[in-house]
Amino acid sequence: MRCRKTTWYSRFPWMLVVFVAAFSIPWLGSRYDTFLGTQIAIDALFAVSLNLLVGTTGLVSFGHVAYFGIGAYICGILMKTYSMPFALALPAAALGAAAFALVFGFFCVRLTKIYFAMLTLAFSQIVWAICFKWDAVTGGDQGLPDVPYPALDWMSAIPGFDSLRIADQFYLLTLVVVVLSLMAIQRIVTSPFGRMLTAIRENPERAAFIGVDVRTYELAVFVLAGGFAGIAGALFGIFNRGVFADYVYWPKSAEVMIMTILGGIEYFWGPVVGAATLVLLNQQITSYTQYWPFVLGVILLVLLFAFPGGIVGGIAAGLARLSGRNGRDVRA
Amino acid sequence: MLEVRGVSKSFAGFYAVTEVSLVVAQGQIAAVIGPNGAGKSTLFNLITGHLQPTAGRVLIQGRDITGVPPHRICGMGMGRSFQRTNIFPKLTVLENVQAALLAHQGRGRNFWSRADALCREESATLLASIGLADQAHMIAGTLSYGNQKQLELGIALASDPKILLLDEPTAGMSANETHETIALLERIAGERGLTLLFTEHDMAVVFSIAQQVAVMHQGRIIADGSPATVRADAEVRRVYLG
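So the protein lines, in turn, are chains D and V. Number 433 marks the last residue of the first sequence (this note's numbering); no jumps. Number 225 marks the last residue of the second sequence (this note's numbering); no jumps.
Bound-form chain V, shown alone (with noise of 0.2 Å):
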């Protein structure tokens, strides 16, 4: 599903990520981890194509995606969130989704119908969906923190990805947030046989729902496997897990 070959950037002669290589399979659920620093954004962003590999290519269902730019990216199947909450805080909940869904049936150039009047029925389902069917009138930069990080991966969800990247799901979110947000997640990928890669800080949550773990200490993939050879592994331990 998502191929990750030697993929390197530099910043100014620093190594951010160094020969990263990866496989996800369809419908996996897979998870990145590693201390601060380790390059866990850098890889994100190289592979939703914010940031143009040093050296690597990136393939989604054997497409090659490398350079191509982030609103292409998504139109092949690629959904993400980001570590900082990233919605249109002053549109409506249900407006934010709408937009998306707008954008996502290339409907944007239309300049001449009434937004509004298009996409409500799949926008309400949407909503209903990620369980915001009684914020959808609120303006969304009014959300609880947890409600806006939920509204987030319905922007993502509106264009209908193949696989979903998100960047620390449940940060910032106490501990009855996170236990929502990742049976959320986990009915959500199983319903629309989602292949998912995520970053995630909070050990309890990766092991309790991801299939595959990478690890990444100073810009390299050390491990990379279930879940239980990485608990097991040596060198994990020594860096990371402690």
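Extracted from the complex, chain D is given alone in its bound form (with noise of 0.2 Å):
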């Protein structure tokens, strides 16, 4: 039998130090840092956003790279072609982004298990064929280059940033608009709506029958996560300096999959750690072997097998058997 208790590790402010750190990254840190460091950023909010569908309410989406997509190409097009102000630009993108998830979400979740999986795939197949040929708007093949950095120069103006480069500015401007959005999606997770979800996850059928509308909720979370990978693609766009068909290509969906389940999917910090996992990983390899796919493909091989419930599952289960608790303590 088994309790659920706090514990000091799940009290510890682990986000106030790990935010802290990250901030002083371009002080303390080189050039390539900062660049590692807005790529995990962007990536953890992605891989976020696709554990509120998974984690949560038990939903596999193969498709959501379409919302990140779609959100880097509004951003975009609205910074380049129209100079809109970031601070629009950004909202836009999620917005954007949340209404065809909206769209799309509708016929997804009338479909259960592997089917709506399938469907969220093709939908996302669809986003992809289309930014790929519409070339008066998308750029088509040849993408959306040169998409400029947000006007950052108020930054610089506070003591102490103005030595900084235009990318280590941007680099804060992602931190803080992922963690915002971290702190906003962690809150929707432990509230009601939250709790209803994870109902959905444990026992669709019993959920109705506490008289939650099942479909109406996985759509409402489709569309939330669809807003986050929205923001979460605006920023790639900036961050690449453009935005190119590859952002909606399917491979994107598996990363972040991979990102998610490796960190560990019941567990809120799990697809954070996934992700900081995974760009670190790509970047050490890339630098030592040409082979790298087949070396990281071996490596997440026995992650996975290793750590069944994940990364951050692994280290939870490691810290119960540690102080000789059965619980699991710092789960969402």
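The set of hints was computed from the structure by calculation and includes no laboratory data. Errors might be hidden in some of the hints.
Examples of chain V residues toward chain D, derived with CB under 10 Å [said to hold, decoys possible]: (1) Phe71; (2) Asn79; (3) Gly91; (4) Arg92; (5) Ala123; (6) Tyr128; (7) Glu135; (8) Ala139; (9) Ala141; (10) Ser142; (11) Lys145; (12) Ala154; (13) Gln201.
Glycine included, C-beta positions come from ideal geometry on N, C-alpha and C.
From these two lone chains plus the hints, build me the complex, please.
Encoded structure:
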């Protein structure tokens, strides 16, 4: 029999410590560290948004990249073609991605399990095909190069920030947007709405008979997840100085799914850890061998077999064993 | 309270339930019995909206609920438990009933408060009334089978039902657990003035608490009345009671 208890490591302000450490990278780390940090932050938000579906609600989406890509294109087009400020383009990207998620999700939530997964994949491939061919708006296979950085002059006015390069400043902006988004998502997950989603994951039939309209809740979380993926995509387009059809192509859905599962879908911070692990592994291995996909695949296999609950699941189990408890404490 | 009017259900031409009519009065404890495959569970799924009848109507308190989806029927005063245990296994016991209370109070759309802080006292009271107060913080899936069934009852009660449908509430229980469950059901039904409709295999259970017994055989109701009349019915003795 198991109980859930709180322990020192679940009460420790991990988030604050990590945030402070991450925030100091532009001053303490190299240019390359900032680059990696930006990528990890963006992927972390993307993966956590996917986990709203996979871990929280039990909906496996293979097409989450669609909303990431739509966010990237909307923000990129608005900022480049229409010279719109970032402060407007970012919310527009989130709302746009959420709107597409509403339309596609309307059909997807009518199916369950593998059929749901296949339909999400189908929609994402449609989005990719349109982005790849619609030259006038998306730049087609040439993509949308030279998306400008947001105007960050105001940041240089802050003492201590004036020495930073624009890439560093954008990193800090990204970090703040990502952390605020993660806090919002965590709030959603622990809310009564989040509890209903968990009930749906655990037992949709029972959930319906406590009065939960399963499809409507699934659609609502699909839209939320799409919106947050759109924010991640918008940041990614600026970070990469351009938006390309690759961002909407299915391997990126697989990549974010790997991050999520690798980190641990039962834990709120699992996908964040998964994103950091995959980005760092990727960078390390590429610098040693050209056969990096092979090495990466082997490492992932070993990790997934060693920690079926993901890295965070493995750590939690280890800590629980160390302290002689059988609890599952840090679970969101 | 509950009225089933000439309900039939066919699966690809095979009639699992044929023209079943049944009336359960307010406050009554009624049982549906019958051999395996008689159509009891199908009848339950028709009443609770999980299946749509091919013909006929279902009414609660005079309101037609035929074709209403389960999540709405739940709000119209009907609670149910399932034949296979149906709880939220990875949530704690407290969180199970808390989720049901939140859903019942229509607070599921609130996505900004902390769920943990809401309905705590109500949840605790409810757990105490079904005898699970000590297990409140255990992961529900790790409870004993009998306790899981109790919890399922608690989840159903959270929606404050007027009528409760229980599909084999004592299936798979030890004699002791069966006895306790029956005592619990009787007490709760009495306290809350609930109408109960349940299916059951165990005849001792049926005849110990039911005030009304309906016997199903091959998708039809072949007898319906007080335990004494049903027990004396020649047809029932032939097909079922032996």
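Interface hint outcome for Gly91 of chain V [beta carbon to chain D under 10 Å]: holds (4 Å)
Chain D contact restraint on Ser142 of chain V - CB to CB distance below 10 Å: holds (6 Å)
Chain D contact restraint on Glu135 of chain V - CB to CB distance below 10 Å: For Glu135 of chain V, the interface hint holds, since the closest Cβ of chain D sits about 8 Å away, which is under 10 Å.
Chain D contact restraint for Asn79 of chain V - C-beta distance below 10 Å: holds (9 Å)
Hint validity - Arg92 of chain V Cβ closer than 10 Å to any chain D Cβ: Since the shortest Cβ distance to chain D is 6 Å, the answer is holds.
Hint check, Ala154 of chain V versus chain D [nearest Cβ-Cβ separation less than 10 Å]: Ala154 of chain V check fails; min Cβ-Cβ to chain D is 17 Å, beyond 10 Å.
Interface restraint verdict for Ala141 of chain V against chain D (beta-carbon cut-off 10 Å): holds (7 Å)
Closest C-beta approach of Gln201 of chain V to chain D relative to 10 Å, hint status: violated (27 Å)
Status of the Phe71 of chain V interface restraint (C-beta, 10 Å, chain D): With a minimum Cβ separation of about 4 Å from chain D (threshold 10 Å), the hint on Phe71 of chain V holds.
Interface restraint verdict for Ala123 of chain V against chain D (beta-carbon cut-off 10 Å): holds (9 Å)
Ala139 of chain V as an interface hint toward chain D, with CB separation required under 10 Å: holds (8 Å)
Restraint check, 10 Å cut-off on beta carbons, for Lys145 of chain V near chain D: violated (14 Å)
Of the numbered hints given earlier, the model fails hints 6, 11, 12 and 13; all others are met.
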